[in-house]
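**Student:** Residue numbers (our numbering), protein chains in the order written: chain A, 1048 to 1438; chain B, 1307 to 1765.
A couple of the hints might just be wrong.
What the hints assert, rightly or not - Anything over 10 angstroms on all C-beta distances counts as not near chain A; from chain B, calculated: (1) Thr1538; (2) Ala1555; (3) Gly1581.
Unchecked claim - Distance ranges between label pairs, derived from CB positions: (4) A/Arg1220 - B/Ala1493: 40 to 50 angstroms; (5) A/Asp1050 - B/Gln1696: 19 to 29 angstroms; (6) B/Gln1696 - A/His1226: 37 to 47 angstroms; (7) B/Ala1672 - A/Arg1051: 37 to 47 angstroms; (8) A/His1226 - B/Ala1672: 49 to 59 angstroms; (9) A/Ser1168 - B/Thr1538: 45 to 55 angstroms; (10) A/Glu1124 - B/Gln1592: 40 to 50 angstroms; (11) B/Arg1658 - A/Arg1074: 54 to 64 angstroms; (12) A/Ser1229 - B/Gly1699: 32 to 42 angstroms; (13) A/Gly1303 - B/Ala1761: 23 to 33 angstroms.
As the list claims (entries may be wrong) - Computed from the model, here is a short list of chain A residues facing chain B with C-beta under 8 angstroms: (14) Ser1089; (15) Thr1322; (16) Arg1342; (17) Thr1349.
It should be emphasised that the hints constitute simulated quantities derived from the structure, not laboratory data.
Note that the Cβ used here is the ideal one computed from N, Cα and C, for glycine as well.
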Amino acid sequence: MKDRVSTDVTVIGGGIVGASAALFLRRMGIAVVLVERDLCGSRSSGVNYGGVRRQGRPLAQLPLSQRAHSIWAQLPELVGSDGEYLRTGHLKLARSEADMAALERYRETTRGFDMGLELVSARALRERCPWLGSAAVGGSLCPDDGQANPRLVSPAFALAARRLGADVREGTRVDDVAHDGSAFVVRSGTALEVRSRHLLNCAGAWAGPIAAGFGEPVPMEAGHPQMAVTEPLPHFMDLSLGVEGGGVYARQVARGNCVFGGGRGYALDELRARTGSAALSHLMEQALDLLPILRRASVIRTWSGTEGYLPDRLPVIGPSSTTPGLLHAFGFAGGGFQLGPAVGAVLADLVQTGATATPIGAFSIARFSRGSGTIPVAPAHFATAATQETP
Amino acid sequence: MTQPLPPVIVGAGPAGVRAAQTLVAHGLRPVLVDEAPRPGGQIYRQPPIGFSRPRSSLYGFEAARAASVHHAAERIIEQIDYRPDTLVWNAADGRLDLLHDGRTESLPYVQLIVATGATDRVLPFPGWTLPGVYALGGAQVALKFQGCSIGERVVFAGTGPLLYLVAYQYAKAGATVVAVLDTAPAAAKLAALPALARNLPVLAKGIYYSAWLRLHGVPVHEGITLECAGGTGRVESVRWRQGGDVHEAACDAVGFGYALRPETQLADLLGCRFGYDELQRAAVPQRDAAGRTSVAGVYVAGDGAGIMGADAAEWAGERAALALVADAGGAVDAARGRRLEARLARTAAFRRGLERAFPFPADWAAQASDDLVVCRCEEVTAGQLRHCVQDSGAAEMNRLKALTRVGMGRCQGRMCGAAAAEILAHACGRPAGEVGRLRGQMPIKPLPFAAVATARGEA
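This is chain B alone, in the form it adopts within the complex (with noise of 0.2 angstroms):
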């Protein structure tokens, strides 16, 4: 009789962790594929072995989770098929496809949980490609990945929780945050107070970040437009518009991001049916409470199926968990599956609260200048995709993508395929949802030629 095929997990962030954590206590020894060389996904992200920051000051208040991940993560090691530095690269036909140190090797499954988390959502703005300009996850891993800053002077710009997190951690790790600018207006905020004190742990430490920098003497603005990041060779300046008047600060880098956009490459290759989603203002895999897609045996938590935040995550991880043991005949503890599903449910109106703080600047696309560069991999503007839409009547992403090279560079839209969607919407007329998103491609991310040559001995 042959051994059944051990159930994999892909993302070892808190939903691929907890998910582990949970197939394990079922007895289960599960395949954990992950990028990164150590658990904890982005946002607990592990410095290399050897650096010796505290998680105090690499976390702050997420301290105490990050070191209940990273335990949960340590615990199991050994009952598990851990790969790190692995990258996914193609899934199909019940295989999936890695790359390791160099190698490609096929891994097969019946049984997957796609956790691939999320990277920030950029919404360019003059400026954004000069050298100095980071995304503000990518700040944020420069600083809890190997101790960097990315800058001395830093202006952190756009909205959305990470915007006051990223600089409040900054601020502490001793960068002069000369600016915090944020899109979303003060009242927004306030009108979004009552559905944030649904998790008032949560909303308490939004208001200290907040607050904290403010009594740090760092500027904060709130209801600014980002008007362009200048300088020769490298970014030394912002400027922004807040009422009528216009703005600029010196600095030598800029943090920017608009929240976040769920990483769903894997979930499409794998033919997960997709839905838009309003609030996240993108497609997301379509799926149950429990995180079953509408592919059996395939299963999403976390950010990848759409921004709920790390907490949610580690929940949606462990429900996942348990309805593919439950699928596979397994005993579970159904009380435990609608405490999860409920406490999913309460975070999904909680979110809600944090789009109405921190709304989507709904205006990007209309003020996007027509020299404004959109797709940095190919070089695409947003006059570009302005004149192909009103040459061609181009009204859908994969056609955009076909006449004006949008999304077809390295990233594969990853980066771009958020603001190119908005610049396409608006230039048709049509709702962001009604554009469609850009089709998956393998490999998700490029693939080098030498693991070819090394798999035929040429290295």
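Same shape as in the complex, but just chain A (with noise of 0.2 angstroms):
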């Protein structure tokens, strides 16, 4: 072995979640080396719509949203750059009385999480929003949501952590996890091994194999969200938009263009994705209704990626269930930027004191595991919802 490194805590995965766990370790003084297959934020983290909003995200990951609403509001602080993060506010269109009803339901239930949400009329909806195409017959506004660079904040959050003194190896793939009876050992072929106390499995669409490696599988799949940009248009909408029920959302970046997304892109390989023809040409379509102004505007560039998720489309976070000091965050279902540097807080506190004040029950892996009779699944109503529109 060339390299032998002994830790407080390996972190498995440079994505968003990692790397933010990494960086509030260090904050806390504790050792991390956090081990990359690629480069810090290249995968879901950095290609994602990049949608910074808590509304319309299932109650049981609204206290952790909250948190990382308020994690988000420090992103200078923390990170040194502020990742083109903006509080321009997120609309949830409705496009019929049935959404309406929903969207109001959601401000109902929701109440508790101060996230001020106002119902839109369709009359404030044209005043406000003349651009909107007619299929809008309301809405759901949450002023403070907002939106970011996730080719900027993910990496970012990875360079502050390795600031604070995170041995942080990129292009290092796993090859083998165990713990031996006294450590957590990660080997990375004949190149690296390290060896720590605690592990973090933050390894994306990617760490269902760990998990199964110590007894605790999940029933994981990859899903490839697509995206795709327009050239620079003139500056018209501020809002991120998104649509109950969902199918299609939309943002205007600084620059100009307009990031849209909806619709599944497909497999290349098990690291890389694209989107197809027919699925561009239907999420177009559907760009075209809710924004008629693209009418006259090309799009330069599609991409997608590669997103894990779990039949009720939770994401797995907290204590394995198996072994003592592995604690696993994953499978965040198209929707984990957001929450990530939450995620992130709240594993360097399970690391420091072995607990959070932030509720994360609802995440456990255990609801997977074979004692718990039939595996969750997602209200037909949300998976579509949480399937996709990709915050």
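Each of the two chains sits in its own frame; use the hints to bring them together as a complex.
**Tutor:** Structure (structure tokens):
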């Protein structure tokens, strides 16, 4: 073995979850080695839509999402850059009275979470957003939700962790993970062996085999959200847009480009995904319905990524049910970008004190263990919304 | 029984036309897809129907070859499925996505010859984004296609054989060529003579263009460093250094370029394996001597597989078509295939000579000032790229793109990718071949929403 390292915590995966865990651990003075197969923040964390929203999340996620909301507010102090994060507001549109009723119900059930949701009538919508298509009959605005540039934010967390002394190993594929009775042992070929008391499984869509290796397999599937971007257009939209029921989401970045997404791409191989032309055409139609102003625009680029989806569309976050010292955080079903920093903070809490003030019980990996009866699945309505609408 | 799919050729330049002609000769009816309205490619681009300039003034010495390629295309046009004005914007799973007349359609294939040609290799210099500054190839297209000159008093700068050819063509067309500014020193050309002598006709043409220009009073300066283009609102002058002296000339247009770079996006989307080619200073699709790529059924030919010039493109197109026929079980003249491969191998040796005669300006990245705009779509400067490398440790092109937007605009790095890779390599202290290449992302060129609206009947 060329390089043997001992540390307090090994983090597998340098996405926004693993990198922010490393950052918060370093702020507590805890030694960290972060092992990343590619480049930090180069997969789902770096290629997602860039929505930073709480609105629309299931109740179980809202405490975590609120914690994330307050961390996002301190982004420049935390990672040294604003990552183009702006609280532009997130507007979720209703295309039918039933959709509008669902948005109203959502506002009622989430009143305790201080999101300040404002229902917007069809008329108010026309006044405020004259560029919107005619399909919307109303909407729900969360004024303090927003958007950020994932290409900048996610790598910035890893850089910040490194600046605080985290030992970040990029281009390092983990081949072997085990606990030898005294410590976790993570190996990358013959190049690196890391021993540690704690292990954080933050490997995103590739986290399943690691969990299975510790006797807790999860029914996770890979999914591939698809996204596209136009050339820069004159500024017309400040909000980030979503649609009740899912299907399409859109925002306009400071440079003027419209970023929009919806539907699924396809896997090229285990690591790479791409947009298909038929799915792109469908997405462009949806985007045109939402924003007729795009009629004169062109798509200049498309992309996709690889993200983990569990049947109930909730992530796994928290301690292993088999192995003390092992923590999992993966399977964010296309919704991990906003949550990421808070998940990192929770993981750091758990390492430091064994507990966290943020409720995460709903995300326990034990919900998939054999003794727990049927595998939890998402309600039909929610499954669509959560898979289609990457925040 | 279902009819087997016809082979598809993308690009109707010299490689694509010869490939089509060869397939027709073997009893096939290929689909020939081309962005241009008429066959010929960039090098033998034809003017719109109704323009009457003769080939001799459009193509000079290349008139006979241009005529040969055009006539070959005309002769087979009824025997092929010719799709002019058609952009291939995506490829996946045995289908090409096309855009024609504002509509998208899908074209299935089993065998595909990619003959996508080349564009100028652009190395920016201060002032290159001023109106009136063109790429050399762009300047040539304006002349060949529309009979337009980019200006009345034109400076041509950069290096490569095209520099002299375009200057010659402009001078012949009646423009005043203020100066030809070649970054390659005269000594490099002398040193390369033995290698260039492998192809005497081409060498002779090169010498002729250069001699003709001098004879007609066009100042030709070799071994120069391009300083900047100046002007208010549009280009009005060019400044360069030669030896210790700074020179300046007034002009109303500039054509510049540093040889060519292959158009490889389609091969990339098709999943072809790439390798870095030191000579081309670019990653190119790997291929065997016949043009087979790493993907079964996909062949590359012509400058899109690595810059070898128009004559070689014709041979490579024919060779790839023979390989396609043979791979499908058809009978081909194996000796002909070997002869073509031998010619291509000789051209490769000549090509190495050209690279010595017109070397890539290796100090370009070191000399590029921090405020130089490298990516004009996204307005990213050399300084931003360098600071990103410094601050983030970026050492790979796609990471640099993610962090700085370089190559993210309309051209997807087709114009700025080569220059950005040079800046990155220099800034992180790696060879240019070790910083990776920008990943291709569909659509290869912008896809209008109007195409989707048209499909829905909302045009």
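**Student:** Determine for every hint whether it applies to the structure shown.
**Tutor:** Hints, one by one, checked against the model:
{"no.": "1", "hint": "Thr1538", "verdict": "holds, 25 angstroms"}
{"no.": "2", "hint": "Ala1555", "verdict": "holds, 35 angstroms"}
{"no.": "3", "hint": "Gly1581", "verdict": "holds, 19 angstroms"}
{"no.": "4", "hint": "A/Arg1220 - B/Ala1493: 40 to 50 angstroms", "verdict": "holds, 49 angstroms"}
{"no.": "5", "hint": "A/Asp1050 - B/Gln1696: 19 to 29 angstroms", "verdict": "holds, 26 angstroms"}
{"no.": "6", "hint": "B/Gln1696 - A/His1226: 37 to 47 angstroms", "verdict": "holds, 40 angstroms"}
{"no.": "7", "hint": "B/Ala1672 - A/Arg1051: 37 to 47 angstroms", "verdict": "holds, 40 angstroms"}
{"no.": "8", "hint": "A/His1226 - B/Ala1672: 49 to 59 angstroms", "verdict": "holds, 51 angstroms"}
{"no.": "9", "hint": "A/Ser1168 - B/Thr1538: 45 to 55 angstroms", "verdict": "holds, 52 angstroms"}
{"no.": "10", "hint": "A/Glu1124 - B/Gln1592: 40 to 50 angstroms", "verdict": "holds, 48 angstroms"}
{"no.": "11", "hint": "B/Arg1658 - A/Arg1074: 54 to 64 angstroms", "verdict": "holds, 56 angstroms"}
{"no.": "12", "hint": "A/Ser1229 - B/Gly1699: 32 to 42 angstroms", "verdict": "holds, 34 angstroms"}
{"no.": "13", "hint": "A/Gly1303 - B/Ala1761: 23 to 33 angstroms", "verdict": "holds, 26 angstroms"}
{"no.": "14", "hint": "Ser1089", "verdict": "holds, 7 angstroms"}
{"no.": "15", "hint": "Thr1322", "verdict": "holds, 7 angstroms"}
{"no.": "16", "hint": "Arg1342", "verdict": "holds, 6 angstroms"}
{"no.": "17", "hint": "Thr1349", "verdict": "holds, 6 angstroms"}
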